[in-house]
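Student: Sequence:
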Amino acid sequence: MRRDLAIALVLFGVALWANLAQVTTTSFHRDEARWIHRARFVAHLSDPLGDYWHDRDLMRGQPPLGSYLMGVGLLAQGRDTTTNGLWNFSKGDLWNQWQGRMPTREDLIAARRTDSVVGALIAVVAFCIGRRLSSRLAGVAAALLLIPHPLSLYLSSLAGSDAILTLLVGLAALVAIALADRPAWPRAVLLGVLLGLGGATKLSPLLLALPLAGLGLVLLIIRWRGEPRPDDRQWRLGWMLLSQPATAAAAFVAAYPYLWADPVGRSWGLFQFRAQEMQGQGEIWT
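Counting along the sequence shown from 1, when you hit position 167 you're at 948 in our numbering, and nothing is skipped either side.
Read the hints as simulated data drawn from the structure, not as lab findings.
Even for Gly, the Cβ is constructed at its ideal location relative to N, Cα and C.
You may find that some hints are simply not true.
What the hints assert, rightly or not - Cβ-Cβ distance ranges computed for the label pairs, FRET-style:
| hint | residue 1 | residue 2 | range |
| --- | --- | --- | --- |
| 1 | 963 | 1057 | 37 to 45 Å |
| 2 | 839 | 873 | 19 to 27 Å |
| 3 | 835 | 991 | 28 to 36 Å |
| 4 | 856 | 835 | 21 to 29 Å |
| 5 | 992 | 869 | 32 to 40 Å |
| 6 | 879 | 1042 | 35 to 43 Å |
| 7 | 856 | 805 | 20 to 28 Å |
| 8 | 783 | 827 | 39 to 47 Å |
| 9 | 1059 | 832 | 28 to 36 Å |
| 10 | 794 | 858 | 17 to 25 Å |
| 11 | 931 | 783 | 31 to 39 Å |
| 12 | 869 | 787 | 44 to 52 Å |
Kindly generate the complete structure, drawing on both the sequences and the hints.
Tutor: And the structure:
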């Protein structure tokens, strides 16, 4: 255990060093302006029932967890959450800069550093998954393959939500491995919460709960045809997997005050809006 902890700390340090080295050289992406603008979500969490959370045009664009991350990261580095204006994607960079919608360099660097830390944690999770599935050597190899990968370096030096999404999905995979190895309700609940928080980052991790529930149903049917016992491992695992959609949905809604007034209707609206956005982006290439 101590050796694994020492290795994890070394890998974290190496990954953080590699990520931070890219922070000042990564080209600006206009999506960064959106995430830094929404860092103010953190300040408004003090009034989750306030009018701010009912601005449909602002709230439905993206789930909030990436915005929370930006806010926490800025505050931790001595910045505040009063950042740039809302980026107008129909205008160019120069127009947005004139209108005060370009993040300051200080805010941009602080936000990117935040994701650099998250990226370093992803490397640690990669080590843990490899260690759990195979061996310590496999875990180290997985992390060392990930750390210098160009996509990993890019996403870990960019202010956005992709890094935290990857971290949450990786943690969910690690918990799922532990749950399959030894079914227990705390692990099942944690898995559902991680999927829900992943959904509160990019929506799609919510859908992972559905095949898990399907697998749980299959396990229950198989055991039901036999002689199920309350202490049967497969029987318990089936119920734990079947609970994933409900747990994930609860965590997703809890993380997003915008959904509280109408959890089903507004959640469906989020998916519809994202589908329209994806269709619009796809048409650009056709």
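Student: None of the hints should be skipped; say for each whether it holds.
Tutor: The hints, checked one at a time:
1. 963 x 1057: 37 to 45 Å: Taking Cβ atoms as reference, residue 963 and residue 1057 lie about 43 Å apart, which means the hint holds.
2. 839 x 873: 19 to 27 Å: At 22 Å between Cβs, range holds.
3. 835 x 991: 28 to 36 Å: holds (29 Å)
4. 856 x 835: 21 to 29 Å: holds (24 Å)
5. 992 x 869: 32 to 40 Å: holds (39 Å)
6. 879 x 1042: 35 to 43 Å: holds (37 Å)
7. 856 x 805: 20 to 28 Å: Holds, at about 21 Å.
8. 783 x 827: 39 to 47 Å: With a Cβ separation near 41 Å, residue 783 and residue 827 satisfy 39 to 47 Å, so the hint holds.
9. 1059 x 832: 28 to 36 Å: holds (29 Å)
10. 794 x 858: 17 to 25 Å: Check passed, 19 Å falls within 17 to 25 Å.
11. 931 x 783: 31 to 39 Å: Holds: the Cβ-Cβ distance is about 33 Å, inside 31 to 39 Å.
12. 869 x 787: 44 to 52 Å: holds (49 Å)
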